[in-house]
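Asks: Here are the chains, one letter per residue:
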Amino acid sequence: MKNFYRKVAFGLGPKDKVPSDPLDWATSQLNKIPEFSWKGKILPEKELRNYYRDYVYGDRKVLRKKFKNDKDGYKREKNKLRHLTGQKFWWNLELCIRHSEALKSETPVLAKLWYFWGNHFAISEKDFLAQYTTGAYQREIIRANMNQTFEKMVQEATVAWTMIHHLDNNDNVGPKSQEAQWAKEKGRKVGVNENHARELLELHTVSPDCGYTQEDVIQMAYVMSGWRPNWGKKRLETGDVHFNGEYHQPGTKRILGKKYKSGRKSLSAVITDLVNHPSCREFIAMKLCRYFITDNPTKEMMEPIIRAWEKSDGFLPDVHKAAVEVAFNYSEKYNKFQNPENWLLIMSKMSDVELVPTPKLMDLYTLGLKPTHEQRSLEYLLRELGHHPYLAKQPNGWSDVSDDWMSPELLIRRLVYAKEAYYKKNRKSQTNEFYEEMVEKNYDNSSEILKTINQQVDLSNRHVMLFNLPETLKS
Amino acid sequence: MKISRRNFLKGSATTLFLAGFNFPVLANTTKKKNLVIIMLRGGMDGLCAVPIIGDRNFEKRRKDLILDETIKLNSDFALHPKLKNFYNLWQNNLGAIVHATNIPYTKRSHFDGQNLMETGGHIPYAIKTGWLGRGMKLGELKGDGLALSLPMPLLLRGIPSNDNFYPSKKRLPRTELLQLLKSVYADKSEHDLANMMEIIANRSMMSSGGTSMSRKNSSLAYKAGLELKKINGPRVAVFEVDGFDTHAAQGGVNGSHSDSLIEMDSIFKSLEKGLGSEIENTLVLTLTEFGRTIEQNGGRGTEHGYGSAIFMAGGLLKKSQVYTDWPGLKKKELFEGRDLNSTIDARSVYASAMSSVFDIEFKRIQKEVFWGDKLQNLSDKLFKV
Numbered sequence: 001m002k003n004f005y006r007k008v009a010f011g012l013g014p015k016d017k018v019p020s021d022p023l024d025w026a027t028s029q030l031n032k033i034p035e036f037s038w039k040g041k042i043l044p045e046k047e048l049r050n051y052y053r054d055y056v057y058g059d060r061k062v063l064r065k066k067f068k069n070d071k072d073g074y075k076r077e078k079n080k081l082r083h084l085t086g087q088k089f090w091w092n093l094e095l096c097i098r099h100s101e102a103l104k105s106e107t108p109v110l111a112k113l114w115y116f117w118g119n120h121f122a123i124s125e126k127d128f129l130a131q132y133t134t135g136a137y138q139r140e141i142i143r144a145n146m147n148q149t150f151e152k153m154v155q156e157a158t159v160a161w162t163m164i165h166h167l168d169n170n171d172n173v174g175p176k177s178q179e180a181q182w183a184k185e186k187g188r189k190v191g192v193n194e195n196h197a198r199e200l201l202e203l204h205t206v207s208p209d210c211g212y213t214q215e216d217v218i219q220m221a222y223v224m225s226g227w228r229p230n231w232g233k234k235r236l237e238t239g240d241v242h243f244n245g246e247y248h249q250p251g252t253k254r255i256l257g258k259k260y261k262s263g264r265k266s267l268s269a270v271i272t273d274l275v276n277h278p279s280c281r282e283f284i285a286m287k288l289c290r291y292f293i294t295d296n297p298t299k300e301m302m303e304p305i306i307r308a309w310e311k312s313d314g315f316l317p318d319v320h321k322a323a324v325e326v327a328f329n330y331s332e333k334y335n336k337f338q339n340p341e342n343w344l345l346i347m348s349k350m351s352d353v354e355l356v357p358t359p360k361l362m363d364l365y366t367l368g369l370k371p372t373h374e375q376r377s378l379e380y381l382l383r384e385l386g387h388h389p390y391l392a393k394q395p396n397g398w399s400d401v402s403d404d405w406m407s408p409e410l411l412i413r414r415l416v417y418a419k420e421a422y423y424k425k426n427r428k429s430q431t432n433e434f435y436e437e438m439v440e441k442n443y444d445n446s447s448e449i450l451k452t453i454n455q456q457v458d459l460s461n462r463h464v465m466l467f468n469l470p471e472t473l474k475s
Numbered sequence: 001m002k003i004s005r006r007n008f009l010k011g012s013a014t015t016l017f018l019a020g021f022n023f024p025v026l027a028n029t030t031k032k033k034n035l036v037i038i039m040l041r042g043g044m045d046g047l048c049a050v051p052i053i054g055d056r057n058f059e060k061r062r063k064d065l066i067l068d069e070t071i072k073l074n075s076d077f078a079l080h081p082k083l084k085n086f087y088n089l090w091q092n093n094l095g096a097i098v099h100a101t102n103i104p105y106t107k108r109s110h111f112d113g114q115n116l117m118e119t120g121g122h123i124p125y126a127i128k129t130g131w132l133g134r135g136m137k138l139g140e141l142k143g144d145g146l147a148l149s150l151p152m153p154l155l156l157r158g159i160p161s162n163d164n165f166y167p168s169k170k171r172l173p174r175t176e177l178l179q180l181l182k183s184v185y186a187d188k189s190e191h192d193l194a195n196m197m198e199i200i201a202n203r204s205m206m207s208s209g210g211t212s213m214s215r216k217n218s219s220l221a222y223k224a225g226l227e228l229k230k231i232n233g234p235r236v237a238v239f240e241v242d243g244f245d246t247h248a249a250q251g252g253v254n255g256s257h258s259d260s261l262i263e264m265d266s267i268f269k270s271l272e273k274g275l276g277s278e279i280e281n282t283l284v285l286t287l288t289e290f291g292r293t294i295e296q297n298g299g300r301g302t303e304h305g306y307g308s309a310i311f312m313a314g315g316l317l318k319k320s321q322v323y324t325d326w327p328g329l330k331k332k333e334l335f336e337g338r339d340l341n342s343t344i345d346a347r348s349v350y351a352s353a354m355s356s357v358f359d360i361e362f363k364r365i366q367k368e369v370f371w372g373d374k375l376q377n378l379s380d381k382l383f384k385v
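Line by line, the protein sequences are chains A and B.
Numbering-wise, the working numbering puts 138 at position 138 of the first sequence, and it's gapless, one number per residue.
Numbering-wise, the working numbering puts 225 at position 225 of the second sequence, and it's gapless, one number per residue.
Honestly, the hints are just simulated from the structure, not real lab data.
Each hint should be verified, as a subset may be incorrect.
What the hints assert, rightly or not - DSS-like, lysine-lysine: derived pairs with alpha carbons at most 25 Å apart:
(1) A:K441 to A:K88
(2) B:K182 to A:K474
(3) A:K46 to A:K176
(4) A:K425 to B:K188
(5) A:K61 to B:K63
(6) A:K333 to B:K188
(7) B:K331 to A:K186
(8) B:K170 to A:K88
(9) B:K188 to A:K126
(10) A:K75 to B:K374
(11) A:K66 to B:K60
(12) B:K170 to A:K419
(13) A:K66 to A:K370
(14) B:K170 to A:K424
(15) B:K182 to A:K419
(16) A:K233 to B:K137
(17) B:K128 to A:K126
(18) B:K60 to B:K31
(19) B:K142 to B:K128
(20) A:K184 to B:K107
(21) B:K188 to A:K441
(22) B:K169 to A:K393
(23) B:K170 to A:K176
(24) B:K60 to A:K393
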């Protein structure tokens, strides 16, 4: 049962009380979205996007022209521009905010679900989104909607600037739109870009199990045409997302057998139908079970989550509670391989290692300067572990199947960074008793585990062993 | 020695024709062959790497980017002067080029293009596995892939148990601890973990001898060469080189595009060094998402284009050659009036290479890896079959 604390959260830290009712401890964290526990600066997405604008404009419109004959000069000035716009800092700050929710907040279960949704509506590595707006998008669009319906989350994520840019909907032009006409007259060719439409169906809502066709994807792209950033000479592609009818494909569209009138309101109408499709709740229930419980969820596991969804119209706190309860009920039988980021947070929480820089240190940052080693430590660490949450390779996000994390190099990183973490800590606090308490609090088979790790005399080796035992890797 | 089932069947079929049925013959016909793919991210400029000689259109359109002192390969094509190691291979019949080629993707987005160069598909993100992974699956090469990067590249997805090597800058725990963990994994029936720990423990012994643990591609390539050389080592390796997206200051011989080409060139050199004589049984191919515009832009760089080139190296090449169906560089011969056209589907080259190296019939690869797409079998023309 104690693996439940690691399964739906990050284990119990030395100062955490052992909950008298574990399930209640977990589900009571899911009703509200509390303020962030991070006490330092938090910037709005819009402000961060403006930094991105300054970077893109400065590089594309100024430096490339100015240094066309000077490779080294171009590199040097571009580096300056990176620092002037905080390119190496903001995502580190976002990671501090993110990890504080796992380590310092009263709601680690909510945090683990936040990571799930951030990865479900993933922004993968594209341009410099990760460095500027991905973290803020995950705060303002994803987390902020975790006490709303799934529909609301989809509606907002779909037209979020970061998502629209990420999936190229700015290139999605109705072939019979006004813009297509004008382009044709000028000898340019424009047309639909299906990326966003496909991912909305495949990854975000109904999944291929619902049986949509390529024609449905194209029709979906028609519905989405016109949703794009408000373009400007100075802001380029970083303007707010709006519906521009000149880019919209006229005429009725047909998706999954249902007709939709043309215009601004059609996207929202399609989304309402998609989230209410049975395949959508089955898909989300499957993914929640896969995240918490096992690589191969069964119908029986998914069933209570689907029922909670149907009863509440996809009200996320209810869906989350159902998922957590299923995880609780199956905690004896199943252990889930923890992805590197969640594993790191488990280690950090249980052994009380401070991996997150302090708000004070982060707030010392001055634009234009290169952030210090310490200020950049989280981003570096996550990359070294092979799992930076803002740098997924594909729009389907990071995998939650253990096979994909099973490689020698990835496991080596867990060994060496377990050791690193040990040495980050004050040695005086690391005693035999400290480890004994930690193990007893967090593992059902605590005496077996202590026997195993105590084969090593050195405490740092015990630490490395503990966090690389099957019981920890799979929780 | 590792013999895949198909290889074995092929080997025994051959030997049936031979009066003296014996093992050396079998071993000979089932030589371990290696395939290495170097992904060139950002859009490699085929016309910078392998410029055409004496084309007025070309010289006119990018007059500030024309290279001095190129190396002449034949009457039509030259080589970027910094690609010295590749030229060395070329002179030994171990280097060749396919020109005016690309994957069938024309929309000029890195994001989509790189996805398609790895999946081999037509629609970005529609396919979740890589063409190399699918090819390896067809060849039953489980556990034979090695990526020289941290997260596994999409290109290798489609077959489990690939290895990867991208050394951590920190020291591994002592071997004794690794062995202990391994035995714990084994006791708990965690076989995958136990296997991984076995590899890690061996690796730790390998690296304790003071070998350099740099992440530079040249150093990774030397390591990979040593691994590929082993009879029970990996048969497939994948590298990545970034930085080909040179919108500005692409420059000439010392420009930014050259920097990335030099890095690619260093992989050829180190692989050869690591492989030793096994370079004879190896094929190295490059892969990129698209070429670059012929015309230079206002920043003396180039924009995203279409047709590019593939560098090939190794003893499984038929001969040194620039293999191309040259489309020409007159305005009307260009793709959308601006880019070098692609007259050879790059996937034909990769499918033929997999057919030759993995000993799988081309048609099977065409059908099962590339969905029966129209591809040419170029094995006879490019590779030793």
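Asks: Which hint numbers doesn't this structure obey?
Replies: 1, 3, 4, 9, 10, 16, 18, 23 and 24
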